[in-house]
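Taking the hints into account, I'd like the entire structure generated from these sequences.
Protein sequences, first through last, are from chains A and B. To convert, note that position 127 of the first sequence is 127 in the numbering used here; the numbers rise steadily by one, no gaps. Heads up, the numbering used here is the position in the second sequence plus 246, with the first residue counted as 1.
Source of the hints: derived by calculation from the structure; they are not laboratory data. Careful: at least some of the hints might be erroneous.
Restraint-style ranges between C-beta atoms, simulated for each label pair [said to hold, decoys possible]:
(1) A/M140 - B/D267: 55 to 61 Å
(2) A/E108 - B/A394: 40 to 46 Å
(3) A/S186 - B/D281: 47 to 53 Å
(4) B/E352 - A/I229: 40 to 46 Å
Away from chain A, derived, C-beta distances all over 10 Å, residues of chain B [to be verified]:
(5) L285
(6) T290
(7) W325
(8) G353
(9) D444
(10) R450
Using N, Cα and C, we set each Cβ at its ideal position, and we do this for glycine too.
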Amino acid sequence: MARPLDWQLATVAGVHDETDAVRSFSLTLPAWTGHRPGQHVDLRLTSEDGYSVERSYSIASEPERAPEVDITVERIPDGEVSPFLHDVVVPGDRLEVRGPIGGYFVWEASQPGPLLLVGGGSGVVPLMAMIRHRARAGAMNPTRLLLSSRGPGEIIYREELDRLSATQDGFQVAHTLTREQPPGWSGYARRIDEAMLSEVLDPLGREARVYICGPTALVESAANALVRIGLAPSQIRTERFGPTGT
Amino acid sequence: MTECFVTRGFVGRRSSGGPEDVASRIPPGQYITRDFPVLSAGPTPRTPLEQWTFTIQGLVKQPVSWSWQEFQALPAREWTVDISCVTKWTKLDMHWRGVSVDTLLEGVEIDDRAAFMIAWSDGGYTTNLPLPDVLNGQAFVAYEYDGAPLAPEHGGPARLVVPARYFWKSAKWIRGIRLQAEDEPGFWESLGYHNRGDQWREERYSGD
Chain A
1 MARPLDWQLA TVAGVHDETD AVRSFSLTLP AWTGHRPGQH VDLRLTSEDG
51 YSVERSYSIA SEPERAPEVD ITVERIPDGE VSPFLHDVVV PGDRLEVRGP
101 IGGYFVWEAS QPGPLLLVGG GSGVVPLMAM IRHRARAGAM NPTRLLLSSR
151 GPGEIIYREE LDRLSATQDG FQVAHTLTRE QPPGWSGYAR RIDEAMLSEV
201 LDPLGREARV YICGPTALVE SAANALVRIG LAPSQIRTER FGPTGT
Chain B
247 MTECFVTRGF VGRRSSGGPE DVASRIPPGQ YITRDFPVLS AGPTPRTPLE
297 QWTFTIQGLV KQPVSWSWQE FQALPAREWT VDISCVTKWT KLDMHWRGVS
347 VDTLLEGVEI DDRAAFMIAW SDGGYTTNLP LPDVLNGQAF VAYEYDGAPL
397 APEHGGPARL VVPARYFWKS AKWIRGIRLQ AEDEPGFWES LGYHNRGDQW
447 REERYSGD
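Here's what the structure looks like:
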């Protein structure tokens, strides 16, 4: 029998707004065993009378930050958990957490070769853990992030991505804005499609490892398009952020 | 250690409360969803129906393989079941049509040593179940959901459904089952998820 993933009492070390509706929480964990980029944690909230809920959140931070992990949470207006996290939780609060969880949607700098990351909205979160880890580990493998957001104000981690993209270490980000583009926008301005994926993939080659995370429709269409382009299904790993994530 | 920890300021919406009969159908740590979330580890496989087969092999006297047409001719029935995914959603009263594993196994003569069933799928996915957990109406292979052919992203043309286990045990795109004497952890069971996955015991992860 494997060692159980015990619940730990994490302390909220910091809170940081990413966009109007997206906020990151830094959690310090007392017994963290480390994670691999792409993994998630479970969070449990319990009320005075014992009512309790659990949710899963992808880890946004790189393993090198241990024993601190960041989660990035989109506020779902009619949700039960995300409004609480946004509106109530402040630094110094404690939250029950266990993890890390998930062993397939993971990438580590020890895995060589070109890397294509495709994200939609808050689906960028587990990809960000990979990108941060890659930078921290000094990896130089050609890496592209294709990130789909609705509008300019909704790009999560925008400054950090643009900064990392400018470091000439092989990482570049390509943005697409599907609903609203600012004046002079030079990025893509449509939903992710086969032509867009071909362009972003081109400098990486067809052997690239691919990680796709986002809403189901985006993940389905991007994965299908990459298979049509000629990638083997075994090269493509997916994770869905459904509309039920509250 | 933390069983009685109270999260400061958390009240909760009790969306999973409601009438007593509904609350009693929600396993621990789960919440009710109305839509049908999709979770898969890779691209959705698409096997043309004319190439599709369903095979029972392993510890059986004579393996059997059905074409799509033959599979459709097997005795099927409607199922209304509650489904719980390890990612925390529970969906009540899901309507399926499909063939029970009991009916499928009537097509073979099972070796006495057979104790486990490995379901395998297009795309290489596998999941393991003890034979007693899938007999007597506890599992079926579904090809319709809500009166329509099962959509590819939900596992169509056919998927296993094992309502008493977390949904990863309900292998999408199933193509066959293999009976074995020994247990053999499947895809998620080898990646940190619980070997049995009983949602009422909250067996999410290895060691739970």
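Hints, one by one, checked against the model:
1. Between A/M140 and B/D267 the C-beta distance comes to about 59 Å, which sits within the given range of 55 to 61 Å.
2. Distance hint check for A/E108 and B/A394: the Cβ-Cβ separation is about 41 Å, which falls inside the suggested range of 40 to 46 Å.
3. Taking the beta carbon of each, A/S186 and B/D281 are about 36 Å apart, not inside 47 to 53 Å as hinted.
4. Checking the proposed 40 to 46 Å range against B/E352 and A/I229 shows it holds: the Cβ atoms sit about 44 Å from each other.
5. Remark: the non-interface label on B/L285 conflicts with the geometry, its nearest Cβ contact in chain A lying 5 Å away (cut-off 10 Å).
6. Listed as a non-interface residue, B/T290 fails to keep its Cβ farther than 10 Å from every Cβ of chain A; the least gap is roughly 6 Å.
7. Its beta-carbon lying about 22 Å from the closest one in chain A, B/W325 satisfies the requirement of being farther than 10 Å from that chain.
8. No beta-carbon of chain A comes within 10 Å of the beta-carbon of B/G353; the shortest separation is about 30 Å.
9. Against chain A, the non-interface label of B/D444 holds: every CB pair exceeds 10 Å, the least being about 15 Å.
10. Separation of B/R450 from chain A is inadequate, the least Cβ-Cβ distance of about 8 Å not exceeding the 10 Å criterion.
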